[in-house]
Structures are given as C-alpha cells and as structure tokens.
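*Asks:* Sequence:
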Amino acid sequence: MRENIVPALQAFQVEVAFFSGDERYASETYKVEAANWYSAEQAALEMSGASAYDDPRVPDLRREACARAC
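Quick note: the sequence shown uses our numbering, first residue 3, plus one each step.
Hints listed in this document are in silico derivations from the structure and should not be mistaken for laboratory results.
Across the chosen pairs, the derived CB separations fall in these ranges:
hint : residue 1 : residue 2 : range
1    : D62       : A37       : 30 to 36 Å
2    : E66       : A37       : 16 to 22 Å
3    : G51       : E5        : 32 to 38 Å
4    : I7        : R64       : 35 to 41 Å
5    : D62       : K33       : 24 to 30 Å
6    : Q44       : D24       : 21 to 27 Å
7    : E5        : M49       : 30 to 36 Å
8    : E25       : M49       : 20 to 26 Å
9    : P58       : N6        : 36 to 42 Å
10   : V8        : R59       : 40 to 46 Å
11   : S53       : N6        : 32 to 38 Å
12   : N38       : V60       : 26 to 32 Å
13   : D62       : L11       : 30 to 36 Å
All residues carry an ideal CB built from backbone N, CA and C; glycine is no exception.
Based on the provided sequences and hints, a complete structural model is requested.
*Replies:* Given below as structure tokens:
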C-alpha cells in the first residue's frame, strides 16, 4: 500500500500591493500557511479580493504579491 505524502506547510507573510495603472495606492499583509511561496502568493491574492482596496471602480486595477517566509 502506498502512503500519501502531504508536503509540510510553511508560514509566509505576503504583502499584496494594489495599483491603479502604475500608481501604487495601498497594500495589505496576509499571514498564510502554504507548501511553497507560489502557493502562498496565490492564496493571498485570492484573499485580497475581499479587501476594501479591491474596488472595481478603480481604473486599471491590478494587484501584486510578494511572499516572505516567517
């Protein structure tokens, strides 16, 4: 019988920056547990969709994430 191997989760601090075009107008930091930095950034971007800064009225709205291991 084969054992299922689940990758260990690491704690990450992910800063999500909100932009209007090229102008950064806000940022929020999220604490995320994930298998790797890419998964942490994707989770934080998903969570940032509920942010007050994620406003569809903002022209050219975009977000960027940067993860750091804790």
